[in-house]
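Generate coordinates for the entire structure from the input sequences, incorporating the hints supplied.
Chains as they are written, first to last, in numbering that gives the first Met the number 0: chain V, 0 to 350; chain A, 0 to 230; chain R, 0 to 553.
No lab work stands behind these hints, which were simulated from the structure alone.
Remember, predicted model here, so these are calculated numbers, not experimental data.
There are no misleading hints in this set.
Label pairs and their computed distance ranges (CB to CB):
#, chain 1, residue 1, chain 2, residue 2, range
1, R, 179, V, 173, 29 to 37 Å
2, A, 216, R, 362, 44 to 52 Å
3, R, 277, V, 184, 50 to 58 Å
4, A, 212, V, 293, 23 to 31 Å
5, V, 184, R, 20, 17 to 25 Å
6, V, 237, R, 393, 41 to 49 Å
7, V, 207, R, 20, 25 to 33 Å
8, V, 237, A, 167, 55 to 63 Å
9, R, 277, V, 173, 53 to 61 Å
10, A, 164, V, 259, 53 to 61 Å
11, V, 307, A, 164, 32 to 40 Å
12, R, 506, V, 1, 50 to 58 Å
From the three backbone atoms N, C-alpha and C, an ideal C-beta is built for every residue, glycine too.
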Amino acid sequence: MGADRLDSRAWLCWGLAAMTPLLLGRNPWVLGEVLLIVAIVRAVWRPVMSEQGMGWFLRIAATFVVVGVIFNVLTVHSGDRVIAELPEGWPIVGGILTANALVYGVLGGIALFTLVLTGLTIATLVSWTDLFHVLPRRLAPIAVTGSVAWAFLPQTAVAWREIREAQTMRGHRFRGARDFVPIVVPLLAGGLDRSLAMAEALEARGFGVSERMGRQPRSRSLDWTFAVGVILGLGGLAVAAYCLAVGMMFWAILAGVIGGAALAVIVRFTPAPGSSRTRYRLLAWRSADSLVSVTALLAVAVVILRNGTSPASLAYTTYPELTWPSVDLPMLLVLGILLAPAVVYRPAATS
Amino acid sequence: MRQSRPERGALLLVALILIALGITMGGGATALAQDPTPVNVAGIVVDHGDGTVSHVIVPFEEASISGVELLRRSGLPLLTVEFGGMGEGVCAIEATGCDLSACRARLCQTGDPDSAFWQYVQRGDDGEWVPSPLGASSSDNEDGDVDGWFWTGVAPETPALTLGQIAAESGVDLETYAASGPLPEPVVLTTGDPADDDALGTGSALGGIAVVAGIAVIGGLLIFRSRQAPT
Amino acid sequence: MTTANDPVATLDSVSYRYPESRTDAFRNESWTVNAGSFTLVVGPSGSGKSSLLRCLNGLVPHFSGGAFGGQVVVDGRNTRTTGPRDLSASVGFVFQDPESQLVTDRVEDEIAFGLEQHGVERGTMRKRVEEALDYLGIEHLRGRRPGTLSGGERQRVAIASALAMHPKLLVLDEPTSQLDPWGAEDVIGVLNRLNEDLGLTVVVTEHRLDRLLPRADVLRVMDGPDGVGLTGAPAQVVPLMDTVPLPPVTRLGRALGLSSPPLTVKAARASMSGLALPLAPAAWPTASTGKVVADVNGIQVRLNNQIVLNDVSLHVRAGELVAVMGRNGSGKTTLLRAIAGLQSVQAGSVTTVGVDLGKDGPEALRGRVGYVPQQASSLFFHERLIDELRFTARVRGAAADPHTVLERFGLGRLAESHPLDLSGGERERAALATVMIGQPRLLLLDEPTRGMDAWRKVELAMHLTELRRDGVAIVMVTHDVELVAACASRVVLLGNAGIVADGSPREVLSGSLTYTTQINKVFGGTWLTVEDVLAGVSTTPESEAQIRSERDAD
Numbered sequence: 000m001g002a003d004r005l006d007s008r009a010w011l012c013w014g015l016a017a018m019t020p021l022l023l024g025r026n027p028w029v030l031g032e033v034l035l036i037v038a039i040v041r042a043v044w045r046p047v048m049s050e051q052g053m054g055w056f057l058r059i060a061a062t063f064v065v066v067g068v069i070f071n072v073l074t075v076h077s078g079d080r081v082i083a084e085l086p087e088g089w090p091i092v093g094g095i096l097t098a099n100a101l102v103y104g105v106l107g108g109i110a111l112f113t114l115v116l117t118g119l120t121i122a123t124l125v126s127w128t129d130l131f132h133v134l135p136r137r138l139a140p141i142a143v144t145g146s147v148a149w150a151f152l153p154q155t156a157v158a159w160r161e162i163r164e165a166q167t168m169r170g171h172r173f174r175g176a177r178d179f180v181p182i183v184v185p186l187l188a189g190g191l192d193r194s195l196a197m198a199e200a201l202e203a204r205g206f207g208v209s210e211r212m213g214r215q216p217r218s219r220s221l222d223w224t225f226a227v228g229v230i231l232g233l234g235g236l237a238v239a240a241y242c243l244a245v246g247m248m249f250w251a252i253l254a255g256v257i258g259g260a261a262l263a264v265i266v267r268f269t270p271a272p273g274s275s276r277t278r279y280r281l282l283a284w285r286s287a288d289s290l291v292s293v294t295a296l297l298a299v300a301v302v303i304l305r306n307g308t309s310p311a312s313l314a315y316t317t318y319p320e321l322t323w324p325s326v327d328l329p330m331l332l333v334l335g336i337l338l339a340p341a342v343v344y345r346p347a348a349t350s
Numbered sequence: 000m001r002q003s004r005p006e007r008g009a010l011l012l013v014a015l016i017l018i019a020l021g022i023t024m025g026g027g028a029t030a031l032a033q034d035p036t037p038v039n040v041a042g043i044v045v046d047h048g049d050g051t052v053s054h055v056i057v058p059f060e061e062a063s064i065s066g067v068e069l070l071r072r073s074g075l076p077l078l079t080v081e082f083g084g085m086g087e088g089v090c091a092i093e094a095t096g097c098d099l100s101a102c103r104a105r106l107c108q109t110g111d112p113d114s115a116f117w118q119y120v121q122r123g124d125d126g127e128w129v130p131s132p133l134g135a136s137s138s139d140n141e142d143g144d145v146d147g148w149f150w151t152g153v154a155p156e157t158p159a160l161t162l163g164q165i166a167a168e169s170g171v172d173l174e175t176y177a178a179s180g181p182l183p184e185p186v187v188l189t190t191g192d193p194a195d196d197d198a199l200g201t202g203s204a205l206g207g208i209a210v211v212a213g214i215a216v217i218g219g220l221l222i223f224r225s226r227q228a229p230t
Numbered sequence: 000m001t002t003a004n005d006p007v008a009t010l011d012s013v014s015y016r017y018p019e020s021r022t023d024a025f026r027n028e029s030w031t032v033n034a035g036s037f038t039l040v041v042g043p044s045g046s047g048k049s050s051l052l053r054c055l056n057g058l059v060p061h062f063s064g065g066a067f068g069g070q071v072v073v074d075g076r077n078t079r080t081t082g083p084r085d086l087s088a089s090v091g092f093v094f095q096d097p098e099s100q101l102v103t104d105r106v107e108d109e110i111a112f113g114l115e116q117h118g119v120e121r122g123t124m125r126k127r128v129e130e131a132l133d134y135l136g137i138e139h140l141r142g143r144r145p146g147t148l149s150g151g152e153r154q155r156v157a158i159a160s161a162l163a164m165h166p167k168l169l170v171l172d173e174p175t176s177q178l179d180p181w182g183a184e185d186v187i188g189v190l191n192r193l194n195e196d197l198g199l200t201v202v203v204t205e206h207r208l209d210r211l212l213p214r215a216d217v218l219r220v221m222d223g224p225d226g227v228g229l230t231g232a233p234a235q236v237v238p239l240m241d242t243v244p245l246p247p248v249t250r251l252g253r254a255l256g257l258s259s260p261p262l263t264v265k266a267a268r269a270s271m272s273g274l275a276l277p278l279a280p281a282a283w284p285t286a287s288t289g290k291v292v293a294d295v296n297g298i299q300v301r302l303n304n305q306i307v308l309n310d311v312s313l314h315v316r317a318g319e320l321v322a323v324m325g326r327n328g329s330g331k332t333t334l335l336r337a338i339a340g341l342q343s344v345q346a347g348s349v350t351t352v353g354v355d356l357g358k359d360g361p362e363a364l365r366g367r368v369g370y371v372p373q374q375a376s377s378l379f380f381h382e383r384l385i386d387e388l389r390f391t392a393r394v395r396g397a398a399a400d401p402h403t404v405l406e407r408f409g410l411g412r413l414a415e416s417h418p419l420d421l422s423g424g425e426r427e428r429a430a431l432a433t434v435m436i437g438q439p440r441l442l443l444l445d446e447p448t449r450g451m452d453a454w455r456k457v458e459l460a461m462h463l464t465e466l467r468r469d470g471v472a473i474v475m476v477t478h479d480v481e482l483v484a485a486c487a488s489r490v491v492l493l494g495n496a497g498i499v500a501d502g503s504p505r506e507v508l509s510g511s512l513t514y515t516t517q518i519n520k521v522f523g524g525t526w527l528t529v530e531d532v533l534a535g536v537s538t539t540p541e542s543e544a545q546i547r548s549e550r551d552a553d
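In structure tokens:
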């Protein structure tokens with residue numbers, strides 16, 4: 000059952016399962032448990048993770064958390080535990096400042112941070128190349144774009160640091176948003192250079208050559224169908240995720256159905272590219288992959304079900320009174336199975 | 000030596016937040032206080048939907064005040080959201096309700112049209128609850144009126160008591176109450192036990208700690224195992 | 000396989016102009032690439048080498064656009080009608096930047112990528128991938144992510160990916176210019192083997208000629224945009240071409256008037272053994288006695304739980320040019336960053352231009368230290384070059400006149416140009432000017448010659464020497480031994496988290512196995528540069544005669 004790598008689809012299932020409770024509520028017990036589990040899985044899988052240059056994501060997330068907490072405290076004048084009071088006359092920030100708002104802000108921050116951490120973990124452990132092969136052929140360009148973008152991120156992070164340091168040494172001071180022009184302009188110029196180089200490399204290595212060989216040229220209207228389909232599909236799924244996050248279930252389902260249908264249409268009805276592309280690697284689905292996927296989907300089902308029948312197991316609000324959050328022991332226990340990836344990990348035997 | 004400054008700052012901030020938290024959780028002060036002279040009295044029936052019902056007697060000086068204002072003067076902890084010019088929506092009364100984001104989206108309702116929200120009704124002359132056509136921010140409440148706030152998605156079944164019945168239940172003599180000097184304190188009487196949710200109450204916090212600690216211990220072992228040389 | 004000497008590619012009066020450019024990148028290129036040949040294309044940056052190479056797989060003009068004249072036939076196909084995708088099976092192309100040409104997240108998949116695109120059957124594909132892995136000696140990297148590889152490893156993966164396609168022609172655009180000497184050595188070794196063992200036809204542009212020149216069958220020198228450069232066997236072309244890009248031993252041979260200048264150290268030993276030289280070259284200026292500008296005292300730096308620098312002390316005086324050398328990961332850049340206050344130290348102290356970095360932050364240094372990053376263009380964000388200088392002058396409160404500074408770096412006529420439109424060499428000088436207008440007393444350079452051609456290196460050495468004379472202290476991290484020999488006043492060699500050697504270039508570089516110049520390999524002693532030897536020769540009249548007699552014997 001042990002494995003030193005998991006199928007990308009298994010990782011996606013696990014990521015979905017870890018993110019679902021974070022999107023549905025802010026019960027501190029649940030947040031804390033998920034954060035702990037994600038941290039454990041990261042620690043266990045660290046030997047096979049390569050995250051150079053990814054720390055800045057977490058730093059940005061941490062910054063958002065701090066800013067979010069301050070913003071929440073200053074603008075939500077509600078709750079029973081008053082810390083301080085600002086003159087009512089002050090626009091927006093005037094009024095009572097409460098511990099309720101503080102706790103709420105901190106919980107929101109933890110949820111956001113855990114989401115970013117989970118996303119980062121998944122993106123690092125998933126193989127874009129595998130996804131490239133798992134996705135239907137018409138969607139392959141999406142996987143290649145994702146792969147290239149993911150390769151760019153650490154480079155961009157490194158470039159950002161280098162440029163910032165160079166401009167600082169030059170004597171520049173960063174105070175307001177406008178002071179970031181000296182970073183952003185060279186960063187964009189460099190990014191443009193790199194994306195041109197990448198496009199050139201793809202072209203020179205024959206990317207997409209099989210789609211044109213052995214088939215008459217694609218019609219323009221089909222290209223349009225494809226473009227609209229992809230936008231509608233991915234857009235729909237993004238809207239669905241947002242609606243799910245703010246609790247608009249009806250719209251979430253509607254957008255999800257539309258997005259899924261659009262993707263299904265382009266996969267089914269736009270003609271498949273020439274059948275000449277082949278696969279180098281056959282993906283093996285192992286028992287460890289099954290275990291991780293099944294436990295993850297089970298956790299998702301339990302969380303969604305529990306959210307419907309007993310909202311208090313996931314939800315928690317600090318307004319209007321600051322109270323202890325409710326504990327849903329059975330659900331906390333079930334969420335524990337999200338440790339599955341950490342359980343199945345075995346280091347690769349070194350030869 | 001130098002670069003660690005921002006990190007240090009962040010740590011300091013977190014520490015300050017935790018200290019502030021400790022202080023306020025320990026013994027916070029309740030804000031909200033009123034003064035001037037009494038004239039009118041109205042009643043509120045708050046049904047939390049979990050088996051607890053609060054009956055409140057609220058004094059006010061104006062000839063008439065809105066439903067939200069009346070509720071606010073009851074002193075019950077309240078979370079409301081401002082909808083621009085369209086008035087205020089009630090998200091939570093005491094611990095019942097939803098958080099701001101869910102409140103802004105659909106006033107706490109989920110996709111299910113029967114899901115609970117804070118329904119606002121007024122007691123009609125015929126002893127029935129009547130939905131207010133104007134909404135709680137614009138309704139009128141005069142001396143002797145009774146408002147209802149019910150956490151439910153369906154038609155309310157809570158008895159529509161008169162102000163007199165509420166006062167009698169709370170042991171308040173309305174005449175002396177209305178005349179009793181500068182504006183008296185509102186009177187709140189809560190009856191009933193919170194129902195099924197009780198199982199999840201603070202009582203099982205120990206259980207929660209046990210689960211999280213268990214996961215931490217198992218996690219530690221797993222991390223330890225992953226660091227061992229492969230066999 | 001085509002038989003030897005059949006043309007794999009022919010260029011017929013090819014000219015090309017970039018879109019929106021007023022001048023041609025190159026004109027009238029007419030030459031042939033024969034099967035099994037090794038063609039080396041040489042020329043300064045901006046001479047159109049890269050565009051010329053891109054004609055061979057149709058990237059020019061299909062990808063780049065612009066005005067294309069003449070015709071290129073590769074593997075029997077005209078590039079006007081066949082684009083780069085379809086040519087990808089016949090022409091393998093390796094780009095300059097190791098970071099932006101790998102597309103998948105596994106080395107194995109990377110090598111299979113092109114094969115998959117061309118629908119090669121799986122059994123064949125597995126065989127080809129294994130072959131390519133073995134041939135390039137990268138079998139141990141097969142499961143790695145390209146992002147975790149070193150530059151040299153990445154370039155070898157790129158070559159393996161091209162090789163797996165069984166191309167007729169392998170084209171490489173400055174494949175080693177972004178690599179350290181060790182990575183470059185690996186890549187060049189592979190190229191030699193591919194050509195020698197497999198008979199693969201290779202066309203390559205490169206700045207490091209010392210290893211490739213002896214290997215090349217055809218040398219194409221691009222001098223100007225009009226196609227009048229030289230083409231031919233190296234033995235014929237070398238005596239006629241500009242000496243700047245030639246390896247030091249070849250340059251020395253040219254300077255001594257040898258009719259067939261040596262191309263390798265071995266050949267130089269043979270042809271110059273009779274050269275009579277004094278015991279040692281003229282003494283170098285002694286150690287600087289200027290004020291200490293950067294004072295590093297017993298610092299320890301830990302990164303990711305590893306000790307990168309341990310108990311390192313270094314005092315840099317005004318007017319010194321200190322070259323920091325050492326293998327990758329030896330802490331060179333870390334030391335530079337510590338001096339700049341960008342790297343925290345766990346023990347010891349750093350005082351830079353009088354600022355104790357342990358007490359005051361790097362903010363206190365702001366503007367008093369000049370720092371040119373590896374990517375010089377990282378500095379630029381204005382529309383005009385002159386504004387870049389004005390910006391630095393303003394934030395530093397410097398009074399110098401931007402025009403005077405530009406003149407000094409030979410950029411006077413480019414004051415109104417967009418900084419990103421400058422050529423590579425101009426950008427480098429523009430970056431120096433942009434930093435130096437603030438009149439810093441200390442200048443920090445991180446691998447300034449990476450990707451630089453020979454002409455630009457000569458310019459850089461000149462400007463650095465001038466700055467040094469003005470009393471500026473310079474600390475430069477570099478792998479470039481020839482540059483160090485040409486202009487450094489002191490060399491600090493790092494290894495095993497500490498300073499292994501610290502002294503003048505003569506002391507440190509002489510007799511070293513890894514860090515020494517071609518001239519030192521030939522003449523030993525403390526001889527380092529072509530100029531040393533030439534000066535030595537002129538002091539001993541009899542050697543003149545000896546060389547002359549050798550020349551007659553030729």
